[in-house]
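If you're matching them up, the sequences are chains C and R in order. Numbering-wise, my numbering comes out as the position in the first sequence, counting from 1, plus 32. Numbering-wise, my numbering comes out as the position in the second sequence, counting from 1, plus 7.
What the hints contain is simulated information worked out from the structure, not anything from laboratory work. Glycine included, C-beta positions come from ideal geometry on N, C-alpha and C.
Some but not every residue of chain R turned toward chain C, in silico, with C-beta under 8 Å:
1) GLY47
2) HIS48
3) GLY49
4) LEU50
5) LEU52
6) TYR55
7) GLY65
8) PHE97
9) GLY114
Where chain R lies over chain C, by a calculated footprint (3+ residues, C-beta under 8 Å):
10) 70-80
11) 130-139
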Amino acid sequence: GENVEQHPSTLSVQEGDSAVIKCTYSDSASNYFPWYKQELGKRPQLIIDIRSNVGEKKDQRIAVTLNKTAKHFSLHITETQPEDSAVYFCAASREGNTPLVFGKGTRLSVIA
Amino acid sequence: DAEITQSPRHKITETGRQVTLACHQTWNHNNMFWYRQDLGHGLRLIHYSYGVHDTNKGEVSDGYSVSRSNTEDLPLTLESAASSQTSVYFCASMGYPPGGELFFGEGSRLTVL
Chain C
33 GENVEQHPST LSVQEGDSAV IKCTYSDSAS NYFPWYKQEL GKRPQLIIDI
83 RSNVGEKKDQ RIAVTLNKTA KHFSLHITET QPEDSAVYFC AASREGNTPL
133 VFGKGTRLSV IA
Chain R
8 DAEITQSPRH KITETGRQVT LACHQTWNHN NMFWYRQDLG HGLRLIHYSY
58 GVHDTNKGEV SDGYSVSRSN TEDLPLTLES AASSQTSVYF CASMGYPPGG
108 ELFFGEGSRL TVL
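Chain C with its partners taken away, still in its complex shape:
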């Protein structure tokens, strides 16, 4: 089955700097790669996703890149703000066939 590895497990950045979180997956048939943000004590919520037919997707300060050949994808957050502090999860699945498999999460701290 699918296995998703996520790095780093913790990340601290100064406000205004960029943050990058990386994930690798094992199933070459996976074609859907979402990212979820979980604030302290809250439920995970989708912030951005990418499908295997594109290499990059942006939404304001957030971008995701996908390298299918290397089987890795990354989340990029620019101009970080204190409200970006949270745990971020990457996930992968064969869309329409298999449930999402999540990475272990990255705790991002943005220091003002």
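Knowing the structure of chain C, use the given hints to seat chain R on it.
Same frame as chain C, but now just chain R:
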């Protein structure tokens, strides 16, 4: 507004007792999932269902069961609670076909003493 709700939000029980966590969604989603969240392990899939009377085992299904008798509900039962099942449990749902955004409930924190 459509939503997904879990109950109870917090529960303390004793080893060996049967526990049921309820999950109810009003989106009319066919696909429902149970994950557990533990520090250092992220979100791990317990069981999932793609429709009424359909249930499937996930990565960490031992000691858990689910049943799907209608579209709205997927209760999770711990047959004989163990301390290793102390965790935060999240129910989630997704539209048809499986894919796209997963909507999570608020979570149920279970402590097994």
